[in-house]
Amino acid sequence: SQTIHQWPATLVQPVGSPLSLECTVEGTSNPNLYWYRQAAGRGLQLLFYSVGIGQISSEVPQNLSASRPQDRQFILSSKKLLLSDSGFYLCAWRSVSGGQFFGPGTRLTVL
Amino acid sequence: DAKTTQPNSMESNEEEPVHLPCNHSTISGTDYIHWYRQLPSQGPEYVIHGLTSNVNNRMASLAIAEDRKSSTLILHRATLRDAAVYYCILRDPPSINYGGSQGNLIFGKGTKLSVKP
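Taken in order, these protein sequences are the chains called A and B. As numbered in our numbering, the first sequence has no gaps in its residue numbers, which increase by one up to the final residue, 129. As numbered in our numbering, the second sequence has no gaps in its residue numbers, which increase by one up to the final residue, 163.
Don't read these hints as lab results, they were simulated from the structure. C-beta atoms are modelled at their ideal positions from N, C-alpha and C, and glycine is treated no differently. Check before you lean on any hint, since a few could be wrong.
What the hints assert, rightly or not - A partial selection of chain B residues facing chain A, derived with a Cβ cut-off under 10 Å:
1) 56
2) 61
3) 75
4) 78
5) 80
6) 82
7) 90
8) 126
9) 128
10) 133
11) 142
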């Protein structure tokens, strides 16, 4: 069966510091991968998606970036965090049938 | 965008069936009906999705009206772990990559399901 991992689970970072969130998927090959951010009590905003190694589509202008160095690894990064980057970050993969499966998420607080 | 409407809350007793309704009267011919659920401080969890025919999986069943303007998520035997907010949303066909605005999951208020022991 497929599983998706994210770490860390929680993170507190000062403004201006770098960020690296990692997501890995097991049990599937060449998945479509997604990074979302969820604001409290609201839906999920798509940040990046990737259809293959090295292929990244950015959906929202921001100071975040994403990379896919391996088939089942998706990384969300920032060189300098802003206060507005605080939020709940979710990685997801999509099955061939269309359902999306989410990782446990990372709660980021930028102080 | 096609919208969905759901009751704000529902209650169930443990080990009893639960029927969660969803109205989507403006659904287009290619929209798929998806259900997700979410617990506080956790990411969404995929439950089930379908197009026209009723669907079953290990978590739930999805009954879709013949005119596709409504659907019902069926939990056959509710457990305490099923207590969550359930969201019914419409999405593009799986042949379309979930990029751009199609990638956003715009949840409504959903139905908060409480399960009593």
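Taking the hints in turn, this is what the structure says about them:
1. At about 19 Å, the closest approach between the beta carbon of residue 56 of chain B and any beta carbon in chain A exceeds 10 Å, and the interface hint on this residue is violated.
2. Taking 10 Å as the C-beta contact cut-off toward chain A, the hint placing residue 61 of chain B at the interface is violated, the least distance being around 26 Å.
3. Hint status for residue 75 of chain B relative to chain A: violated, with the closest Cβ pair at about 16 Å, above 10 Å.
4. Hint status for residue 78 of chain B relative to chain A: holds, with the closest Cβ pair at about 6 Å, below 10 Å.
5. Hint status for residue 80 of chain B: holds, given a least beta-carbon distance of 7 Å to chain A, under 10 Å.
6. A cut of 10 Å between beta carbons decides the hint on residue 82 of chain B: the least distance to chain A is about 8 Å, and the hint holds.
7. Hint status for residue 90 of chain B: holds, given a least beta-carbon distance of 5 Å to chain A, under 10 Å.
8. Among the interface hints, the one on residue 126 of chain B is violated; its C-beta lies about 20 Å from the nearest C-beta in chain A, farther than the 10 Å criterion.
9. The interface hint given for residue 128 of chain B is broken, as the beta carbon of that residue sits about 17 Å from the closest beta carbon of chain A, more than 10 Å.
10. Here the hint on residue 133 of chain B is kept, as its CB sits about 9 Å from the closest CB of chain A, short of 10 Å.
11. Restraint check, residue 142 of chain B versus chain A: the minimum CB separation of about 9 Å is within 10 Å; hint holds.
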